[in-house]
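S.K.: Heads up: the protein sequence lines correspond to chains A and B, in order.
For the first sequence, position 207 (counting from the first letter as 1) is numbered 207 according to the working numbering, and the numbering increases by one without interruption.
With the second sequence counted from 1, adding 482 to any position gets you the working numbering.
FYI, nobody ran anything at the bench for these hints, they're computed from the structure.
Misleading hints may appear alongside valid ones.
In silico DSS-like cross-links for lysine-lysine, where the CA-CA straight-line distance does not exceed 25 Å [said to hold, decoys possible]:
no., chain 1, residue 1, chain 2, residue 2
1, A, LYS140, B, LYS622
2, A, LYS395, A, LYS124
3, A, LYS422, A, LYS434
4, B, LYS877, B, LYS916
5, B, LYS877, B, LYS606
6, B, LYS733, A, LYS106
7, B, LYS588, A, LYS251
8, A, LYS124, A, LYS434
9, B, LYS736, A, LYS106
10, B, LYS877, B, LYS904
11, A, LYS422, A, LYS395
12, A, LYS395, A, LYS434
13, A, LYS254, B, LYS622
14, B, LYS916, B, LYS904
15, B, LYS916, B, LYS606
2 protein chains.
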Amino acid sequence: MTAQRVDITLVLRRGLAEDTDGITHNLTMLIRRAVARGDVSPGERLPPSRKLAADLGIARGTVGNAIDTLVAEGLLETRVGAGTFVAEAAACLGRPVANRKRPAFKQEPRRLVSPDIDGPATAKIDFRPCRPSLAEFPLKTWRRSVSFASASLPSPDYGDAKGQLALREAVCDYLRRARGLNTSPNNVIVTNGALHAMHLATTLYLERGSRVVVENPGYPLARQMFENAGAEVLTCPVDEHGLITEELPRKTGKLKFVYVTPSHQFPTGSRLSLARRRALIDWAERCGVLILEDDYDGEFRYDVPPLVPMAAMDNHCVIYFGTFSKTMFPGLRIGFAVGPRSLIDAMAALRTFSEYAPNDLNQRALAHFIENNHYERHIHRMRRVYGEKRAALAKAVDELGVGADLVGIDSGLNAMVRLPEKLRGRTVAAAARKDGVLVPSILRYAASRSIRDDALIVGYAAPAIGEIREGVRSMLRAHAPA
Amino acid sequence: MTAQRVDITLVLRRGLAEDTDGITHNLTMLIRRAVARGDVSPGERLPPSRKLAADLGIARGTVGNAIDTLVAEGLLETRVGAGTFVAEAAACLGRPVANRKRPAFKQEPRRLVSPDIDGPATAKIDFRPCRPSLAEFPLKTWRRSVSFASASLPSPDYGDAKGQLALREAVCDYLRRARGLNTSPNNVIVTNGALHAMHLATTLYLERGSRVVVENPGYPLARQMFENAGAEVLTCPVDEHGLITEELPRKTGKLKFVYVTPSHQFPTGSRLSLARRRALIDWAERCGVLILEDDYDGEFRYDVPPLVPMAAMDNHCVIYFGTFSKTMFPGLRIGFAVGPRSLIDAMAALRTFSEYAPNDLNQRALAHFIENNHYERHIHRMRRVYGEKRAALAKAVDELGVGADLVGIDSGLNAMVRLPEKLRGRTVAAAARKDGVLVPSILRYAASRSIRDDALIVGYAAPAIGEIREGVRSMLRAHAPA
Chain A
1 MTAQRVDITL VLRRGLAEDT DGITHNLTML IRRAVARGDV SPGERLPPSR KLAADLGIAR
61 GTVGNAIDTL VAEGLLETRV GAGTFVAEAA ACLGRPVANR KRPAFKQEPR RLVSPDIDGP
121 ATAKIDFRPC RPSLAEFPLK TWRRSVSFAS ASLPSPDYGD AKGQLALREA VCDYLRRARG
181 LNTSPNNVIV TNGALHAMHL ATTLYLERGS RVVVENPGYP LARQMFENAG AEVLTCPVDE
241 HGLITEELPR KTGKLKFVYV TPSHQFPTGS RLSLARRRAL IDWAERCGVL ILEDDYDGEF
301 RYDVPPLVPM AAMDNHCVIY FGTFSKTMFP GLRIGFAVGP RSLIDAMAAL RTFSEYAPND
361 LNQRALAHFI ENNHYERHIH RMRRVYGEKR AALAKAVDEL GVGADLVGID SGLNAMVRLP
421 EKLRGRTVAA AARKDGVLVP SILRYAASRS IRDDALIVGY AAPAIGEIRE GVRSMLRAHA
481 PA
Chain B
483 MTAQRVDITL VLRRGLAEDT DGITHNLTML IRRAVARGDV SPGERLPPSR KLAADLGIAR
543 GTVGNAIDTL VAEGLLETRV GAGTFVAEAA ACLGRPVANR KRPAFKQEPR RLVSPDIDGP
603 ATAKIDFRPC RPSLAEFPLK TWRRSVSFAS ASLPSPDYGD AKGQLALREA VCDYLRRARG
663 LNTSPNNVIV TNGALHAMHL ATTLYLERGS RVVVENPGYP LARQMFENAG AEVLTCPVDE
723 HGLITEELPR KTGKLKFVYV TPSHQFPTGS RLSLARRRAL IDWAERCGVL ILEDDYDGEF
783 RYDVPPLVPM AAMDNHCVIY FGTFSKTMFP GLRIGFAVGP RSLIDAMAAL RTFSEYAPND
843 LNQRALAHFI ENNHYERHIH RMRRVYGEKR AALAKAVDEL GVGADLVGID SGLNAMVRLP
903 EKLRGRTVAA AARKDGVLVP SILRYAASRS IRDDALIVGY AAPAIGEIRE GVRSMLRAHA
963 PA
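So here's chain A without its partners, still in its complex pose (with noise of 0.2 Å):
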């Protein structure tokens, strides 16, 4: 305590002329740190709060309402008829609390690399890739699964770490009907989308020293996400049949996983063949590795014949990811993976670990809606929209004929336009934007130095089929015949 006499009402307005961290008036924590520092001692009465506002120039019920804080709090007291004292048992706070502009918490976090993702951002048009269009969204149809899924109430329990049963059911249904993929509920885990799906595996597997292969180019995320595990990541190129095998690491030491997006390679567009599947397996079989397929579109097919997925090959070392980003909605959050049991089952004490289980709400829903047959039907509708904006797209990169081809199979939400020889993507890329279209460069994916920035990535699915037409020309006029 400091033995001379502190005028209170001076030490707050200084406090307050100070306060320039955004939270305005904040009283509360000026008187606070007026007791810890000895400004004013246990037993001391303060000024009338009619008073204290008057001379400090703020409204009369802030300053009660701190009070009422401190009162709650055992630090204030208030004495009917004789005013507000400080407690005495603020004479434990003893120490002045240093006024600390940094956590007095000194531990440094794991280090993570800065997550490279696309935000919103405000554009004429945006092609960036995996964004579903929600126009033709059925939203009555959904808001009708909603209401059925809220309308029981909820349940005391914390929910399965595997998802509800019913929704797993229906997910494998529809992968059987649709995907050709044979599996049972058990082998099925309900996840905050897929990339929380890899997220539960890599935590598993990974650890420092561990190696991982991804695709080149590929999906930044998930190649962070194995880095921020502290993997090693090997890079293996892609052409026109997805990952060349050929070129898959000989030393396998260490290694964990490979990952691939098989139905149609991100951002590529290609599709890996049968035969090169078949290596694959093989070359994980026998290093021991485990292939993560990563189905992320495979949903969207429209002119090329379908493909079961690697996971439906007979065999046990590959775990399938999918999810409803797409063929839902992003902030649905629900993805899922299938994989032989004992991994489906450490991924799901995971999450126990880490959050219980998924929220009840969306998944009620979302099994509602697949149940119904509206989900099937929803995105049997998209394909049709989907491939008509492909087609828009194929079409106003054609009469352009600047020499610019649409690459990549005839499927997913996104394609490549393989520039003329001449053209640089990053340079086609920056003057697009600056005409307020966004468009990768397929450099943009490249996992090293190796790509050749030859290409571009467009996502067709969310623009409609006017602003494709009018961003092709926006993104390759300049660069057209005279």
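Position chain B against the provided structure of chain A, taking the given hints into account.
M.R.: Relative to the frame of chain A, chain B by itself:
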């Protein structure tokens, strides 16, 4: 390829007879395996599906479905008028795939302790702690908030890793008004329950060899989570004023966290005194340790004055965890953390890598529910309901005259019943279980052997008042004076 001719029908019939793993008639897999083994060769014709079905004694539709799947996969081809053939592409399958019972993937996952949680149970009366009463849940009002939340078209974006701004603002307003904790939305992260927030902090800061202090007795799942992260868990005893700060470790090397439940110690129900709060903060600041303040049921007080969270005591070494699992329902899976900006930002970055962001629907509905004052009205009502239940519990314990005492402050959803000298908690709990009453001994929450088995932990929130009376009688009657 085998040189010898094989009768495919025979192979399949044998396979179907052997199929004991629950996936009935997995014909698809059997045909695939037969092709992979070379039992049938590329170019070879399969028997007509009608004949195959009859010979195998299964439905023709089952055979048709299997063939459709394999045609889609590219393994079989249907030639119009000629039948179904093994595709030439199947040649690449070459090497037979072994029919392994265990995954080829040989890596061992990170070893996790088995989660110590209370699952769903069927009991006449369930006194296990932390289960809210849902009979009074305002379902209609909540459904209006859900309906509001689902009224607009979903966004094509993945959302904010810290949670929606509207919900963070609603949480801040609530904390300021109801708990005396002043903070800003930038210092808040919305998580999938409080456990999820703790998991994010744990993943950021703990590594093999780190040390964490926990209360003893305390919350088993938090303790296990720290252990799973490789940390050494040190225990600190509690008494009727909460954590005994004098017993905090002197040696603080590698000490990262101290995990406490100051507003209502779990499971003993005591409250950390102001003097000890000060001492704990001093200790944490001196040692550079982060205080994890878990306020799991602080909303419910009955006859005791409120105390603001430690996080409100003007310092920078506390992270505060709140949850909606007890005030709303566990399946909502929403909680939050309030802490220094740098820490909350790091948690948000880690969240991005594990699941992008929380789901849209529940956040939007909850923000609407809080903003429209339904949340505080519900808490107010439940405070009365729980207060009555607690009084009924106290009366029932008292009336039996066995010398048992209800202890802990008048708050929360759980109370501790201190047993008379001669009785052991586990003995009483085991006898109660036989009568259909689930009630844990205090040992259930012991982090070390040093806890005396002299109490039961009674969750009185969920059972009805009549059940509470009956349950107490079942529990203690045998021990009443004759």
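S.K.: Do the alpha carbons of B/LYS877 and B/LYS916 lie within 25 Å of each other, as the hint requires?
M.R.: Cα-Cα ~24 Å, so holds.
S.K.: Are B/LYS877 and B/LYS606 close enough, with their CA atoms no more than 25 Å apart?
M.R.: Cα-Cα ~21 Å, so holds.
S.K.: Between A/LYS422 and A/LYS434, is the straight-line Cα distance small enough, at 25 Å or below?
M.R.: holds, 20 Å
S.K.: Measure nothing beyond the straight line between the CA atoms of A/LYS395 and A/LYS124; if it is 25 Å or shorter, mark the hint as holding.
M.R.: holds, 21 Å
S.K.: Against the 25 Å threshold, does the CA-CA distance of A/LYS422 and A/LYS395 hold or violate the hint?
M.R.: Holds, because 22 Å separates the two Cα atoms, which is no more than 25 Å.
S.K.: Mind checking the alpha carbons of B/LYS916 and B/LYS606 for me, to see if they're no more than 25 Å apart?
M.R.: Judged against 25 Å, a Cα distance of about 10 Å means the pair holds.
S.K.: Starting from B/LYS877, check that the Cα of B/LYS904 is at most 25 Å away, please.
M.R.: holds, 22 Å
S.K.: Take a quick look at whether B/LYS733 and A/LYS106 sit within 25 Å of each other, Cα to Cα.
M.R.: holds, 17 Å
S.K.: Need the status of pair A/LYS124, A/LYS434: alpha-carbon distance at most 25 Å?
M.R.: Holds - the C-alpha atoms of A/LYS434 and A/LYS124 are around 10 Å apart, at most 25 Å.
S.K.: Regarding the pair B/LYS736 and A/LYS106, is the alpha-carbon distance no greater than 25 Å?
M.R.: holds, 12 Å
S.K.: Does B/LYS622 sit within 25 Å of A/LYS140, going by the straight-line distance between their CA atoms?
M.R.: holds, 20 Å
S.K.: Tell me if the straight-line CA distance from A/LYS254 to B/LYS622 falls inside 25 Å.
M.R.: Measuring from Cα to Cα gives roughly 55 Å; hence the hint is violated.
In this structure, the one hint that does not hold is number 13.
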